[in-house]
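**Q** Below, each chain spelled out in residue letters.
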Amino acid sequence: MSRQAVRLGTEPSPVTRWVILGIVGLLFAVPIIAMIEFSFSVGPAGGYTVQHWVDLFDPANARANRQLFQAIGNSFLLAAVTVAIVLVVLLPTMILVHLQFPRLRRVLEFICIVPITVPAIVLVVGLAPVYGVVVQLFGGAIWTLALAYGITVLPYAYRAIQSNLDAIPAVTLSEAARSLGANPLQVLWGVLLPNLRRGVLAACFISVAVVLGEFTIASLLNRRNLQTALVQAGQSDQWIAVILSLLSLAFALVLLLLIGRLGTARFSTARSSRKRSSK
Amino acid sequence: MTSTIPVAAPVVEPVPGATVELAGVVKTYGAHRALDAIDLRIRPGELVALLGPSGCGKTTALRALSGLEAIDGGGILIDGEDVAAVPTNKRDIGMVFQSYSLFPHMTALENVEFGLKMRRVAGSERRRRAAEALDMVGLGRFADRFAHQMSGGQQQRVALARALVTRPRVLLLDEPLSALDAKVRVQLRDEIRRIQTELGITTVFVTHDQEEALAVADRVAVMNQGRIEQIGSPRELYATPATAFVADFVGLSNRIPGDAAGGTVSVYGTGLQLLGEPLEGPVVAYVRPEDLSIESSGMPGVPATVVSSSFLGSLRRTTVRLDGDILVAVQHGVDLDPQPGTAVTLRFRGSPVSAIPRSAPALD
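Just so you know, the protein sequences line up as chains A and U, in that order.
Going by this note's numbering, the first sequence opens with residue 1, and the numbers climb by one from there.
Going by this note's numbering, the second sequence opens with residue 1, and the numbers climb by one from there.
Please note that a few of the clues may not be correct.
To be verified - Here are some, though not all, of the chain A residues that point toward chain U, as calculated from beta-carbon distances under 7 angstroms:
1. 105
2. 109
3. 180
4. 181
5. 182
6. 183
7. 191
8. 194
9. 195
10. 238
11. 241
It is worth saying that the hints were derived from the structure and are not from the lab.
Each residue gets a CB set at the ideal place from its N, CA and C atoms; glycine is no exception.
Between the sequences and the hints, there should be enough to build the whole structure, so can you do that?
**A** Right, dumping it as structure tokens:
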């Protein structure tokens with residue numbers, strides 16, 4: 001099918017599209033531009049400086065910013081543990097249900113989607129007593145917060161993996177591999193995971209983005225992560241809070257671009273291959 | 001692209017075929033008995049087709065053989081060894097599936113290599129054997145293609161090469177042609193038969209297409225409601241169907257009312273020998289279209305009126321109406337071109353027929 005043929009009927013003209021995109025883009029750009037402008041501003045008196053950016057990374061201020069950087073480290077640790085939970089618990093469960101217990105799919109889907117309907121603040125009310133036990137078992141280390149994050153990222157990670165699972169004939173592929181002599185681990189590693197790569201990577205990136213942006217649960221359970229530290233820093237030094245917000249936005253943007261590339265990479269391979277086979 | 005003519009080269013070495021036996025195999029899903037104590041013995045190197053309507057248990061039987069479906073009773077023997085408890089990956093079988101099953105992230109060559117890799121065959125040997133297997137199915141030059149770069153027919157050929165390259169004891173084909181268009185289907189069907197004969201591999205071929213089964217198999221097992229109704233050579237099944245179901249399912253049959261007595265059935269005044277169980281009283285006889293002929297009106301026989309006539313290339317099939325509003329299909333040469341509405345005479349050639357009592361529910 002040619003690209004022309006895809007453009008059917010009432011699709012808006014390129015001009016209309018650019019106008020819509022421009023307005024929406026502007027809405028998002030204004031606060032970001034304001035943040036960038038603010039991060040370089042000297043103060044109410046006016047004028048611009050790079051001093052605030054330099055201060056943040058100045059070794060002389062390392063002591064003052066120690067807690068902040070520790071909080072960033074905490075958030076990355078939490079992101080890593082959350083991703084590990086997705087990979088070790090959610091992914092194998094989903095594959096197992098898809099291949100062996102298809103009747104449980106609806107149940108699993110329901111369980112995974114529920115967290116999105118529960119506001120974080122309500123979740124904390126339920127989690128507080130649970131964490132009483134968690135602390136008794138594992139101590140109060142920061143990584144234990146990832147157990148809660150493992151729940152909050154479920155809807156996003158589930159959708160990313162499930163759409164990939166639905167797009168491949170997972171049952172036939174695994175049966176074909178078994179008939180060729182592969183044991184269950186070889187089926188998973190050699191056949192299923194390579195074909196689920198995009199869904200799994202997307203699930204991981206989304207999980208990282210969600211964890212890095214999480215404030216409510218960490219704050220109410222008295223844990224220190226990037227977002228709680230930002231709020232605290234904002235009370236003493238507004239510039240640092242804004243600069244770090246910008247940096248975390250940039251990081252999230254890079255993750256989103258990576259997820260986007262995963263999708264388009266598949267599209268372009270399919271297209272170039274179609275060209276090849278039509279020769 | 002699909003009409004690649006394969007080069008005839010039996011490069012995958014022939015292996016002595018194995019004996020395969022299903023002994024009283026039972027498989028139930030809840031209250032439904034998918035396999036009702038099936039007995040089937042397949043000789044070494046033989047190609048047996050499991051034929052039947054959807055839901056008759058043929059695919060379940062194949063999946064039980066492969067180990068993809070656990071059985072509830074009976075035994076599955078390959079060369080005398082009971083493999084019922086052996087997992088699929090240890091059964092040493094090759095399987096081609098109905099839906100395309102090539103691993104999408106691998107090239108055709110890598111797909112074919114997969115089974116050898118699982119058997120820890122060394123790299124260079126693996127590539128050589130995989131390339132040979134691809135040559136065998138005529139796709140040597142497609143080694144670097146991915147599944148989405150090949151047509152359905154080509155994908156199924158690669159799947160066949162992949163199933164055969166490990167020299168399995170048994171080849172299982174689960175409706176491998178049903179997703180393909182008619183022309184490729186016949187081509188690949190003949191090719192499967194050629195390769196199977198050259199390799200001498202014991203093969204089970206599941207299909208719901210009776211023409212396919214008759215064309216490709218040494219013996220055909222007709223299945224119905226979890227049981228094997230009859231097993232025999234295509235010719236036996238066609239000429240001497242053991243049951244009315246087989247007569248109805250294999251080939252085209254007219255259902256004509258008659259009266260049975262003493263091993264013959266009288267239809268419209270003609271006595272025909274009755275096959276199968278002896279019957280008495282009113283029956284429905286299954287008469288093949290080629291066992292009938294059309295003569296000019298006034299000749300001795302059954303008066304009939306032509307309803308329609310279709311040209312089928314090498315022959316013609318004409319439908320006529322008999323007394324009692326019975327429609328009957330007759331197969332004849334293309335020289336005769338009966339016009340609708342013409343009065344003709346129908347004659348029975350006298351071949352033996354199968355029948356069911358007229359009170360029995362009609363088979364669909």
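**Q** Run every hint past the structure and note whether it holds.
**A** Evaluation of the provided hints:
Because the beta carbon of residue 105/A sits about 19 angstroms from the nearest beta carbon in chain U, more than 7 angstroms, this interface hint is broken. Among the interface hints, the one on residue 109/A is violated; its C-beta lies about 24 angstroms from the nearest C-beta in chain U, farther than the 7 angstroms criterion. Taking 7 angstroms as the C-beta cut-off, the interface hint given for residue 180/A holds, the closest approach to chain U being about 4 angstroms. Interface restraint check for residue 181/A: the shortest CB-CB distance to chain U comes to about 4 angstroms, inside 7 angstroms, so the restraint holds.
Given hint, residue 182/A at the interface with chain U, holds; its Cβ is 5 angstroms from that chain's nearest Cβ, closer than 7 angstroms. Taking 7 angstroms as the C-beta contact cut-off toward chain U, the hint placing residue 183/A at the interface holds, the least distance being around 6 angstroms. The interface hint given for residue 191/A is met, as the beta carbon of that residue sits about 6 angstroms from the closest beta carbon of chain U, less than 7 angstroms. The criterion of a C-beta within 7 angstroms of any C-beta in chain U is met by residue 194/A, whose closest approach is roughly 4 angstroms, and the hint holds.
Residue-level restraint check for residue 195/A holds (minimum Cβ-Cβ distance to chain U is 6 angstroms; threshold 7 angstroms). The restraint placing residue 238/A at the interface with chain U is violated, with a minimum CB-CB distance near 50 angstroms, outside the 7 angstroms limit. Violation of the interface hint for residue 241/A is found here, the shortest Cβ-Cβ separation to chain U being roughly 45 angstroms, above the 7 angstroms cut-off.
Checked against the numbered hints given earlier, the structure breaks hints 1, 2, 10, 11 and satisfies all the rest.
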